[in-house]
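Visitor: Sequences are here, hints too, so could you generate the full structure?
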Amino acid sequence: MRLSNKKWSEEEFFSQRRQVLAGWPTGKEVDLDEAVAYQKSIPAARRFQEKLNEADKKGVTLIQPRAGVPLIEDHIRLLRHLETEGGADLLPTTIDAYTRLNRYEDAQHGIEESIAEGKAMLNGFPAVNHGVAGCRRVTGAVQAPVQVRHGTPDARLLAEITLAGGFTSFEGGGISYNIPYAKNVPIEDTLLTWQYVDRLAGYYEEQGISINREPFGPLTGTLVPPCVSNAVAIIEALVAAEQGVRNLTVGYGQCGNLVQDVAAIHALREQTREYMDRFGYQDCSITTVLHQWMGGFPQDEAKAFAVICWGSAAAALAKATKVIVKTPHEAMGVPTMEANAAGLRATGQLIHMLADQKMVEDSVLRDEVEQIKREVRCIIEKTLELGDGDIAVGTVRAFQAGVIDIPFAPSRMNAGRIMPARDHFGAVRLLDCGSLPFTKEIKDFHRQKIEERARHEGREVSFQMSIDDIYAISKSRLVGRPRD
Amino acid sequence: MRLSNKKWSEEEFFSQRRQVLAGWPTGKEVDLDEAVAYQKSIPAARRFQEKLNEADKKGVTLIQPRAGVPLIEDHIRLLRHLETEGGADLLPTTIDAYTRLNRYEDAQHGIEESIAEGKAMLNGFPAVNHGVAGCRRVTGAVQAPVQVRHGTPDARLLAEITLAGGFTSFEGGGISYNIPYAKNVPIEDTLLTWQYVDRLAGYYEEQGISINREPFGPLTGTLVPPCVSNAVAIIEALVAAEQGVRNLTVGYGQCGNLVQDVAAIHALREQTREYMDRFGYQDCSITTVLHQWMGGFPQDEAKAFAVICWGSAAAALAKATKVIVKTPHEAMGVPTMEANAAGLRATGQLIHMLADQKMVEDSVLRDEVEQIKREVRCIIEKTLELGDGDIAVGTVRAFQAGVIDIPFAPSRMNAGRIMPARDHFGAVRLLDCGSLPFTKEIKDFHRQKIEERARHEGREVSFQMSIDDIYAISKSRLVGRPRD
Amino acid sequence: MGKKTLVLGVIGADVHAVGNQILNYAFTQAGFNVVNLGVMVSQEEYIEAAIESAADAIIVSSLYGHGELDCQGLRDKCDEAGLKGILMYVGGNLVVGKKPFEEVEKRFKEMGFDRVFGPGTPPEVTIAALKEDLGA
Amino acid sequence: MGKKTLVLGVIGADVHAVGNQILNYAFTQAGFNVVNLGVMVSQEEYIEAAIESAADAIIVSSLYGHGELDCQGLRDKCDEAGLKGILMYVGGNLVVGKKPFEEVEKRFKEMGFDRVFGPGTPPEVTIAALKEDLGA
Ligand code: B12
Ligand code: B12
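Keeping their order, the protein sequence lines are chains A, B, C and D.
In terms of the working numbering, the first sequence has 55 at position 55, counting the first letter as 1, and numbering is strictly consecutive.
In terms of the working numbering, the second sequence has 892 at position 408, counting the first letter as 1, and numbering is strictly consecutive.
In terms of the working numbering, the third sequence has 1000 at position 32, counting the first letter as 1, and numbering is strictly consecutive.
In terms of the working numbering, the fourth sequence has 1223 at position 119, counting the first letter as 1, and numbering is strictly consecutive.
One should not assume that every hint holds.
Claimed, not checked - With a cut-off of at most 25 Å between alpha-carbon atoms, the simulated SDA-like pairs for lysine to any residue come out as follows: (1) K183/A with S1146/D; (2) K959/B with G87/A; (3) K449/A with G942/B; (4) K603/B with G1065/C; (5) K58/A with E854/B.
Calculated directly from the structure, the hints in this document are not laboratory data.
Guide: Okay, structure coming up:
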């Protein structure tokens, strides 16, 4: 199939479907008509999008953890704990790393080892192996709606099984679940497989069933400039909408500078809306998610709480529709359910305490919003140009050209030419703009910001700054100063 | 002796001194000349004011815990732990509640019971009973400078012993350590005994020894409007300066609304300077302290961390010179040293992460600063008027008249006519202005703010709002909404 | 049956006034006749007030950590003063530090309190207990 | 004595690239010759690269929690491939969850690693260990 940003016909979709379902024995369990009927039976209170809509209307921020363990009963116990002891508004099911790579044999081995050793030997829930019935046991066992969270380049079978399994939200996208999560997978391939996922979600929508879709905002989670992650989110929203997706949550990973973080969420919401309207998807609902600090965490739990709380404050003041919560175990390993619930309670406390406050829209904040939007516009317009108006085709070429470029990514499809670093106030800027299609004005802005920092630190602008910034958090800093 | 805001003569001071030192056998240990020599031997790095000056110059925020246990060795172990494991920049010695009331017999009993039972039976360090030598063991055992923190209406003997004992900072004042901490002590009495303390500190200053003095900012810690606590801090600064104090740290207890908290610190610093200059104390150094949330805490430790972190954020964004740190055990009891260090580490992480950020001085913030200053001006000018230009005499009359009025205070000397409540955005306003000498404009401002909230909540303005606000934090809220 | 009378106060050298003011308000709202002694109340003051008002219960708060020292002997003094069997509650942050509540409860029950309440007990709980114990 | 050669990579299906890029930079700065295989490296790739480059050590990272499953048998395969006794380090977030480091160390030493490093080990520490073990 040739990639283009055009809605797939039913034939194209259903002919590929047979092959997808044959990927693992549990694929046979999926009967789309029955699945639609099952989804229809899920009450509104347990549908992801309904909860988001309600929060959006009230202007409140919902809290959601990450969590997934290999065995069904353990996973149910975990989710129930996060709901009752953590006060999670929305629940996740985080998928293990083998499933993410379609290595279902390895996942099966992990399930068996987990049973044999009596402890988790996989870092998530292998939903494909557990099949539709297994998924329904999970989604039916809790009060809150449940989302699939993963990092899967080819998530077609996972989507089939989990949506039939009663999940009402599905994270990921052709860029955001490729470049940070894979090494050798062509962008073209993942854009195609994610068109399938979106077409599937769109099919459910056509049957009157809301399926929330969420591009993965934080990408590599490490010094990602807002313009890069916002551009990717908007592109993924556009290609998803074309396939019939109607409910999108666009995301952003906290950078740590409050003004920049609030500005990024404002810019993301406004600009996604602008582009969606421009391309005719006015009927799409757009909500936002802020991810608490996605980079390396401090090991000490008290310090980790501080990082968690600062993310909560940013989310609350930005009025993001939801916030994805970290735990005090983040630096160490997959958290216990108690640690996970503690992260949620700290987050809930802060989010609710700040429910009545928001960041004032002063000129500093507004300037930052406009700066981000200008940069995003450069990237997306160039991408459209490269694709002769087709955003999907343009994306493939944009990655080749380094017009879209994600820092610290493992993927060979990524140019890896840009280098981010913090400015004197901790905002993430570009030390090297690589091949990002920026105007001279924008390039000057970044250079000046980094030079201002260098001047204060009495050193030359260099890659060492970025390294220092990566380590800064473990020294309780945001900006990696030379003496630290 | 008659109260007036005039520097005591040496005779007045030294004649009263004999009687003060006779208050408990350890008083005999104090030899002022020897004490001055001892203080001179303390290196700059271990002097409170030096550390504050340095922080002020760099624009950073220092962190300081509260801590005190009955026995010397335990107390030293505690302080060392807070220094090494908590990263405290400044150390405290919190005095027990019997000593605060000059009940040294009871304190002695508490020391003995603590030894007998093998656990702390006093809620702080009984410094008077431990005497000068005991205090020197403490202050000499740690790297950071140590401050006396208490709540003692008559702290003359405590000051004599602890300053001779090598402490380089002393908290309290004639208002702030009376109204929140006593029931029946006339304001006139405490203003006089605190003139003694300030005269003593001033005496050390005259010998070239910096002694930091800190009025207790948060008062009752519960819905105290910034204008009330700022006015009290400024008055105490003025009377202290008159007695020769040269190094003052004025304080404020976090209310929870970020704009109001930052504004309160800005207003406090600016306006203290203004009044000090007006009355001829241009040579006084003024620094600021923000106290993390001083009201009732949530019991859950994860939630307590969130409250602690929000206070840290406010302190950092306000660029307070130091922040007083709470612990995850706050709601339960005097914290273990581990819990105390955890509070410090969380605070340090956030303070240092935000070191490079500050709150933008936009019009909303500026309006709030001006509002607080206007209110404070009404209170202080009226107080001066009542005292015929003498701020000390005026203060006594101001309390009688309810011109200064502290909410929820135990003291019978306090009018108790004002009633605070939060506005729709969580800022503390006045539901009832009592007899505060406000202009019609200011009274209208408060009424409008409270009515705006009532309208949103669909209820009448009433005392129930204040009650709901007091309980709000334990329901993870700042504003006590009716349905919560 | 008429209104029940409660003597309320914070014992010892304790000045924590906020909870006391709230309890006063809540008990009054709940239909009790409250004699509020405020903060820094001595054992003798409780007893005098209870005799004078013919109180049905004495409600002792202690927040500041010296509760153990301050409450010793109160039951005996009540007995001596002719208040034998008067209902006595104690609540707050009763001991120094964070301790398992069971231990604290045991200790204060041994001292003669009928009910012991942990930190942050909401007024509703106390009111329900009072209504049960006093049949009000 | 010439530059020592290290083969570096993140094992298994693990894509955590940041630490790997930083180790690459730090080891190179410290004077080592680094063959960086990046992320998602199979046991076979380590061995091939080590043979080809006549490496002095293999540095395995595992962050994502499947380290136990991914590292099983690597020492045997090295032995079979003629890399008997090659220095082998492993580090990162080696197991699923927060576990006492001693247990983790024991388990990976049994699998044949010469040194095992816990989460967030700074490059200086690894470099010092390498210099000691390789006499570089
Ligand atoms: C950023 C991040 C991501 C990014 C990675 C982007 C990318 N492609 O690089 C994204 C979001 C994509 C991601 C995905 C996943 N992640 Co992740 N991620 C992190 C995080 C937050 C930081 C990692 C990082 O970059 N640190 C900064 C660098 C500089 O440090 P470092 O990686 O630790 O490496 C240093 C040291 O460890 C040491 N070191 C490393 N290797 C070696 C080897 C030797 C021999 C020595 C001596 C030293 C050494 O030196 C390095 C340089 O200083 C960590 C948690 C943390 N550390 O705070 C979790 C974490 C590693 N991830 C985790 C997991 C489970 C996943 C996922 C499975 C999904 C999920 N639950 O989110 C997927 C995995 C996908 C896959 N197939 O691998 C877990 C692993 C759990 C465990 N071991 O129990 C962690 C610990 C989070 C957690 N607590 O749950 N993740
Ligand atoms: C505000 C406060 C202060 C203010 C008090 C102002 C005032 N005059 O009221 C100030 C700053 C002056 C202060 C001073 C001190 N405090 Co103080 N203070 C607090 C704090 C933060 C909140 C108290 C409060 O107002 N809560 C809100 C009200 C509504 O709740 P409450 O008081 O708990 O009362 C409710 C319930 O407990 C219950 N209740 C109360 N009594 C009873 C009785 C019965 C029978 C029942 C059923 C229920 C019940 O009903 C009330 C209404 O809902 C608490 C910690 C906390 N709780 O978070 C510490 C705390 C009580 N203070 C403490 C201490 C040690 C002190 C000091 C000695 C010094 C210090 N270390 O700071 C001095 C004591 C001076 C003295 N002589 O008493 C400790 C006590 C330690 C312990 N027990 O182990 C605490 C727990 C803090 C801590 N963790 O260290 N404090």
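Visitor: Checking against the hints above, which ones are violated?
Guide: 3 and 5
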